[in-house]
Amino acid sequence: MITLNSKIPDGPLEEKWTKYKKEAKLVNPANKKKLDIIVVGTGISGAPAASSLGELGYNVKVFCYQDTPRRAHSVAAQGGINAAKNYKNDGDSVYRLFYDVIKGGDFRAREANVYRIAEVSNQIIDHFTAIGVPFAREYGGTLTTRSFGGVQVSRTFYSSGQTGQQVLLGAYSSLNRQIKAGTVTMFPRREMLDLVVIDGKARGIIVRNLITGEIERHSAHAVVLATGGYGTIYYLSTLAVNSNASAAWKAYKRGAAFANPSFVQIHPSSVPQMNEFQSKLTLMSESLRNDGRVWVPKVRGDKRPANEIPEEERDYYLERRYPAFGNLVPRDVASRAAKERCDAGYGVGPTGLAVNLDFRDAIKKQGKKAIEEKYGNLFEMYKDITGIDSYEEPMRIYPAGHYTMGGLWVDYELMTTITGLFAIGEANFSDHGANRLGASSLMQGAGDGYFILPYTISNYLAPEIKVPRIKTDTPEFQEAEERAVERINRLLSVKGKQTATDFHKKLGKIMWDHCGMTRNEAGLTQALNLIRELREEFWKDLAVPGSADELNQELEKAGRVADFLELAELMVIDALNRRESCGAHFREESQTADHEAQRNDDEFAYVAVWEYNNDQPPVLHREELKFEFVELKQRSYK
Amino acid sequence: MKLKLKIWKQKNAAAKGRFETYDLDGVAPEMSFVEMLALLNQTLIQQGREPVAFDHDCHEGICGSCGMYINGYPHGPVKGLTTCLLSMRHFKDGETIVIEPWRAKPFPVVKDLIVDRSALDKIQVAGGFISVSAGAAPEANALPVRKHNSDLAFDSAVCIGCGACVAACKNASAMLFVSAKISQYALLPQGRPEAKERVRAMIAEMDKQGFGSCSNTGACESQCPKQIKLFNIARLNREYYKAL
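Taken in order, these protein sequences are the chains called A and B. The working numbering puts the first residue of the first sequence at 1, with every later residue one more than the last. The working numbering puts the first residue of the second sequence at 1, with every later residue one more than the last.
Since the hints were derived computationally from the structure, they do not count as laboratory data. Even glycine gets a Cβ: it sits at the ideal position worked out from N, Cα and C. It is possible that part of the hints are untrue.
[As the list claims (entries may be wrong)] Partial list, derived from the structure: chain A residues whose beta carbon lies under 10 Å from chain B:
1. N59
2. Q123
3. I125
4. E276
5. T501
[Said to hold, decoys possible] Some, not all, of what chain A presents toward chain B, calculated at C-beta under 10 Å:
6. E55
7. D126
8. A370
9. E373
Generate the whole structure from the sequences, applying the supplied hints.
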């Protein structure tokens, strides 16, 4: 049985991280070379972690499933990265960034962690700028910022609508520098199949070489998972189609507890689904809501083209319902408001499952060129997909599964409940509570990787300097490898009729319908049964062509879907357990008179931490959230 | 729509490849090219046949995973699009589409339409970075950068590393790819301190990996899904001469 110790340093909020760093143990440079660290994932937390650990002199081994680390899905983040620089002189500060993230997360995140990420945010911008990330600038040569949802200051640094690409390629360049220096060894096209735990400590991983099919053993003194989120569980999501939960799930089954698995952000603006073959929902950055106004017709079922609907017949429902924040309400609020209008019959487009995002007024006021400069690539992408020119008529958008606030539980040191196993970036649960604010994911990922993990992992490794290189011929490695091979063989031997994609689509529908934007007791209970039935069907009727000893993309998919079928159940169990609404988790039973999320702080001001319990139901542990520095309030954006 | 697909099939790097012909029905014009291939694979698996291996991931034109010759054009006949964003609207019912992996000596075929593009990573490892470690950076606004230069640096930095430029070039030259990175750093003051070492190292690695020379035909620019401009190559040459 695990015990949770969040290891939050005592003292005033502003001094906790300083105090931690002051007291943390260090590793002598000569000893760092003798210590191996495995990093799984090369996105905006993994690549920074690997490069900065390499810069410190550790011996780092990095793994990704893509053919090159530069393709991790952080590359697709669009809008920007937050920092408390206060370059706009508009009243920003580390405290305000902290407060916005805590409030945006609907008071379900840990104060100390959030304050720390706000504290390191400025350093991230300095670092990315120094390594050549071309952030947008003013004519005077300084960096510029823009606004994002859920805040009233302008603190988001950006590179057009492809900030994720620019910061990820920056991180990739630092990684390359360390590969050249010999501190980092890169293992692309590897998929983690299991975690190896020896005497209670994470000591290695089992991976499959996706080209040859070979199973490999890799050992280290510590293992870092930077494997991202599990939004693809909905099948249709804004994520890259190969993004998956398998590494985190395998860690969970080895004893790393999973926190708040049901907290999933449904992003309000993606290109709506057009047909049943569609493989993904492309995101349209939240930054567009800076200049785009969201509306639906005032008359139900109005099928006229958007431009023919006169001003007085348009319902700018976000501006109407939330005058203080208008179109810049947080994502969860915007998503639910869109769903509410569409469910009530006011949706637009061929399916009625879409709302307008209109740039007419912004173009009139600022000129087409200004809009093009800010969002050019997004308008192009939208046109490529839909054939619609958004300079001329409104974009149509609809919510889609996007980011998972839930993830592996970690303490203040970013260590999971398995000693020596760390989780960073989206793979952990720690900073966004029940809803993430826009442009905070790049901040958290990069902050974890560059400026937090290097300190905390050293504190862990300091007593490990006497431990020699971990051998891979131990019984624990043997057992983990056998388990991985056995699972592959099982997937190949079903020889049924339905592909992994067929099952993924079915699972996605169950999750979207019952554990998506809104949830209720009856729906969730039904979902539990549906998931269990689907899982049984999967293991009876799965079709995987080919063999294990070759490049086999269907086998890869099947393994990921098998894990999703298990994780889905945990998400539903967690959503059932939390009989309150908070942030993105909206339980229909718990809403205010005007249909806003109604928290229940007396009963649910805790992180739900689930421990794997073999074939028995998972065990719930509660990490009580103590708010010493902020006052819990009903979140209001009116 | 109905299509006839002629697709390169090759079991692995060592095996000999061949074209295989498939008939595919039920293609909708709003599908993307990779969704069309996914439909083909779904059909093949249901028939007990082997699916076609191809790289794809983000489906929004930014990760650079996808890439194949479509009717002889890298990423297909439409300018400025990756394969994953290429919509089937651009093809006609009954059309025959020829699909091949990138053909370039430094990109050996791994399987079917998948090639090994690690040579591009090796060029980046050789020098595609600014040597500032975490913790060493000055205040971001301490170094003003002319907006014009910063914008140009960004235009070069949008390269997704898909390899279409190499595939489009009759010499399999990687000059557009290398010049994009060199330009990004050459245009920024942060990149100047090690500009000479960088360009020498990256060019040397490019040659070592077996990429051909540039003969200024501009095929790379015309096929680049991110529309990276040929003048980057001029800048690369200038930077290289300055570094000799």
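Ascending list of hint numbers which this structure does not respect: Those not satisfied are hints 1, 8.
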